[in-house]
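Number of protein chains: 2
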Amino acid sequence: MAAQDPRVQAEVLKQFTTAIFVKAGLSPEWAETQADMLVWSNLRGVDSHGVLRIPAYVGWIDKGLMKTKANLRVEKETPGVLIVDADFAPGPVAGVLATQRVIEKARKIGIGWAVIRNAMHLGAIGYYVEMIAKQGMAGLCVTCNPPNMAPAGAKAPGLHNSPLAIGVPGNHHRPVILDMATSVAAGGKVSLAVDKGVPIPLGWALDKQGNPTTDPKQGTILMPFGGYKGSGMAMLFECLTGLFVGNPLLLPVFQGKPGATEHRQNSLVAAVDIATFTDLAQYKRNVDETVAGIKALPKAEGASEVFVPGEPEDRVREERAKDGIPLPVGTVQNMRTVAQRFSVPLPAGL
Amino acid sequence: MAAQDPRVQAEVLKQFTTAIFVKAGLSPEWAETQADMLVWSNLRGVDSHGVLRIPAYVGWIDKGLMKTKANLRVEKETPGVLIVDADFAPGPVAGVLATQRVIEKARKIGIGWAVIRNAMHLGAIGYYVEMIAKQGMAGLCVTCNPPNMAPAGAKAPGLHNSPLAIGVPGNHHRPVILDMATSVAAGGKVSLAVDKGVPIPLGWALDKQGNPTTDPKQGTILMPFGGYKGSGMAMLFECLTGLFVGNPLLLPVFQGKPGATEHRQNSLVAAVDIATFTDLAQYKRNVDETVAGIKALPKAEGASEVFVPGEPEDRVREERAKDGIPLPVGTVQNMRTVAQRFSVPLPAGL
Numbered sequence: 086m087a088a089q090d091p092r093v094q095a096e097v098l099k100q101f102t103t104a105i106f107v108k109a110g111l112s113p114e115w116a117e118t119q120a121d122m123l124v125w126s127n128l129r130g131v132d133s134h135g136v137l138r139i140p141a142y143v144g145w146i147d148k149g150l151m152k153t154k155a156n157l158r159v160e161k162e163t164p165g166v167l168i169v170d171a172d173f174a175p176g177p178v179a180g181v182l183a184t185q186r187v188i189e190k191a192r193k194i195g196i197g198w199a200v201i202r203n204a205m206h207l208g209a210i211g212y213y214v215e216m217i218a219k220q221g222m223a224g225l226c227v228t229c230n231p232p233n234m235a236p237a238g239a240k241a242p243g244l245h246n247s248p249l250a251i252g253v254p255g256n257h258h259r260p261v262i263l264d265m266a267t268s269v270a271a272g273g274k275v276s277l278a279v280d281k282g283v284p285i286p287l288g289w290a291l292d293k294q295g296n297p298t299t300d301p302k303q304g305t306i307l308m309p310f311g312g313y314k315g316s317g318m319a320m321l322f323e324c325l326t327g328l329f330v331g332n333p334l335l336l337p338v339f340q341g342k343p344g345a346t347e348h349r350q351n352s353l354v355a356a357v358d359i360a361t362f363t364d365l366a367q368y369k370r371n372v373d374e375t376v377a378g379i380k381a382l383p384k385a386e387g388a389s390e391v392f393v394p395g396e397p398e399d400r401v402r403e404e405r406a407k408d409g410i411p412l413p414v415g416t417v418q419n420m421r422t423v424a425q426r427f428s429v430p431l432p433a434g435l
Numbered sequence: 086m087a088a089q090d091p092r093v094q095a096e097v098l099k100q101f102t103t104a105i106f107v108k109a110g111l112s113p114e115w116a117e118t119q120a121d122m123l124v125w126s127n128l129r130g131v132d133s134h135g136v137l138r139i140p141a142y143v144g145w146i147d148k149g150l151m152k153t154k155a156n157l158r159v160e161k162e163t164p165g166v167l168i169v170d171a172d173f174a175p176g177p178v179a180g181v182l183a184t185q186r187v188i189e190k191a192r193k194i195g196i197g198w199a200v201i202r203n204a205m206h207l208g209a210i211g212y213y214v215e216m217i218a219k220q221g222m223a224g225l226c227v228t229c230n231p232p233n234m235a236p237a238g239a240k241a242p243g244l245h246n247s248p249l250a251i252g253v254p255g256n257h258h259r260p261v262i263l264d265m266a267t268s269v270a271a272g273g274k275v276s277l278a279v280d281k282g283v284p285i286p287l288g289w290a291l292d293k294q295g296n297p298t299t300d301p302k303q304g305t306i307l308m309p310f311g312g313y314k315g316s317g318m319a320m321l322f323e324c325l326t327g328l329f330v331g332n333p334l335l336l337p338v339f340q341g342k343p344g345a346t347e348h349r350q351n352s353l354v355a356a357v358d359i360a361t362f363t364d365l366a367q368y369k370r371n372v373d374e375t376v377a378g379i380k381a382l383p384k385a386e387g388a389s390e391v392f393v394p395g396e397p398e399d400r401v402r403e404e405r406a407k408d409g410i411p412l413p414v415g416t417v418q419n420m421r422t423v424a425q426r427f428s429v430p431l432p433a434g435l
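Chains as they are written, first to last, in our numbering: chain A, 86 to 435; chain B, 86 to 435.
Hints were generated in silico from the structure; no laboratory data involved.
Since we're looking at a predicted model, the values are computed, not measured.
Hints may contain errors.
Copies of the same chain are indistinguishable here, so a pair counts whether it falls within one copy or spans any two.
With a straight-line cut-off of 20 Å between C-alpha atoms, the simulated SDA-like cross-links for lysine to any residue are [said to hold, decoys possible]:
no.	residue 1	residue 2
1	LYS219	ARG186
2	LYS219	GLU189
3	LYS281	GLN294
4	LYS293	LYS384
5	LYS161	SER389
6	LYS193	GLU162
7	LYS384	GLN340
8	LYS193	THR163
9	LYS293	ALA381
10	LYS293	PRO231
11	LYS384	THR298
12	LYS407	GLN94
13	LYS380	TYR313
14	LYS193	PRO164
15	LYS274	ASP300
16	LYS407	GLU114
17	LYS342	ALA377
18	LYS380	VAL417
19	LYS380	GLY312
20	LYS274	GLY312
Turn these sequences into a full structure, and let the hints guide you.
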């Protein structure tokens, strides 16, 4: 973003986004859930998962890939686990349903574990573990797509750079939220380098022929972080999601099935209730003090500060909640196009 | 190991190790469980977690740190979760108890989730997830110790390089087992460099003053893999283990409490039953085919083969199960010392 980028208050941006998705065919409830996730990402500075996605999502609706009237349902259930069949519903609608259900289960027996089949993009999965952490629980989320990353030792895509999110509640401290891709750099960072016209570091991505590249336009195959470690995590995440609901996302690509690379996600959402195990108030104080202890350590050469997971994003959120969300020119242009199409007024100032 | 290292069959090594721990005060059952874990590690080539640990464990018993008559018990339980208080029992005894219990729970409601407080060294945690995978379930294990790793941005220890293990069953393929530390290199690799008198790569470890070093003798502070990612995982793992059972392992070190750096572990073991979600036979075939698809990808420059998690270790296991476990001279010398002390005959050939 640039210093002169116009800013819009989060609530205004959310109302605009909701209105767009209602016009695109979602129910007001689903549209609001979808909008809340996008604006949550912008608030935390994760703009790659924010409102810049609106045109892509609307495009999915146009093509029938995202179903506005999806038959979203709980398919199987025990006191501890469930399967959510999303039927290509907007990701956040499926994600929030699964999150609510695992919280209910965890409240009763200490744990809830859900696997979601065939949702569209869940977005920044820190969203779901934050919901869980706010209920006094530890949250866990993993999501998998068709492949975009080379396994360690390979030079062709065979894994998705599936993210992992873990969140726990603090006392005075906001929930501590880890939300990380299993690639060296998230895909959004490569796109950003394209937009900025700058090279990417060697080791981030391979070109279509599988050669290392510093050209972000050529770098279409991501590389796993930590070599076999990130690679192994991504592979096991597929085994914990798609294979658990009979809906593999890697195999159809290996088998060359038509449509195998089309976007869709299988995900895992789990909640573990802290009060079932120990004193919740003490737990939260321990999180605060662990954060404080880590932050008080002597800084490494060149480090301005020791950050705990989610802390940089929390700082952006504080600032943007007050001053509004800055929107770069490209994003505004895309919003204008979609606003005109659906006759929804752009937020004032854009 | 060297080509001329003597080899001992796994079963013989296990009998020897069991006999030592019985003489050291463990019950025959506990001694056998402890021995089985150590020899399992040697079989898979993870010698850093094998019988070379015998003298250290016996030393813990001598000092009363590992309790031979620990009051190991299930402290709390719901249909989905439990706490195991290990009371400083040998790690594998606590780990196996927790593993058996989470398997039973998962058989009934699809999931079991255990947190273990104050066990001694669980060893290579792939052991527990393999046990779970053999029951047709996905296994998850995490374990945390007092700090030995610098958080990203810091130059002093504030986290443990807590490992993560995930395992799932294959059909013809052995269970796929990911077992990885959250440091760039496991502590055992630094020790190995000391033994071999070779330098370590920059980025593996810091010296006591927090400076990067290539001298393995000086490199006492490990560094997280993937920077803030490995660091974040390790921090959240403490939140999922020690804080869940009111037994933090990082905080007491920050607070300078006496004994805070003494070895002990809090761990998490979980099992998720595949048949509760989907067809188990199909799941296992999908794992086999996913493995095959990944292995068939074009190889990266310089890679001899695309490996899936646990595959290199499985190859060593096949070879060692047949030809015996090679024991380096230092390990044999340590075994001889402890054998003499307890009047247990060394395996033939040593």
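*asked:* If the cut is 20 Å between Cα atoms, do LYS281 and GLN294 qualify within a copy, between copies, both or neither?
replied: neither (24 Å within a copy, 39 Å between copies)
*Pop the pair LYS274 and ASP300 into one bin, within, between, both or neither, using alpha-carbon distances up to 20 Å.*
within (13 Å within a copy, 35 Å between copies)
*asked:* When Cα atoms must be at most 20 Å apart, do LYS380 and VAL417 count as within-copy, between-copy, both, or neither?
replied: For LYS380 and VAL417, neither the intra-copy (38 Å) nor the inter-copy (44 Å) Cα distance is at most 20 Å.
*Within a copy, between copies, both or neither: where do LYS384 and GLN340 come within 20 Å Cα-Cα?*
between (49 Å within a copy, 18 Å between copies)
_Within, between, both or neither, where LYS219 and ARG186 count as close if Cα-Cα is 20 Å or less_ = Within one copy only: 15 Å inside, 29 Å across.
_Intra/inter-copy verdict for LYS219 and GLU189 if alpha-carbon distance must be at most 20 Å_ = within (13 Å within a copy, 30 Å between copies)
_Intra- versus inter-subunit Cα pairing at 20 Å for LYS407 with GLN94_ = within (8 Å within a copy, 68 Å between copies)
*Using 20 Å as the alpha-carbon threshold, which applies to LYS193 and GLU162: within, between, both, or neither?*
Close inside one copy (14 Å) and across copies (12 Å); limit 20 Å.
_Alpha-carbon proximity between LYS293 and ALA381, which holds within one copy, between copies, both or neither at 20 Å_ = Between copies only: 17 Å across chains, 45 Å inside a chain, cut-off 20 Å.
_Homomeric proximity label, LYS293 with PRO231: Cα distance no greater than 20 Å_ = Within one copy, since 16 Å is at most 20 Å while 45 Å is not.
*Is it within, between, both, or neither for LYS161 and SER389, if the alpha carbons may be no more than 20 Å apart?*
neither (49 Å within a copy, 43 Å between copies)
*asked:* Within, between, both or neither: how does the pair LYS274, GLY312 come out at a Cα-Cα threshold of 20 Å?
replied: Both. Shortest intra-copy (19 Å) and inter-copy (17 Å) distances satisfy the 20 Å Cα cut-off.
Hints 3, 5, 16 and 18 from the earlier list are contradicted by this structure; the remaining hints agree with it.
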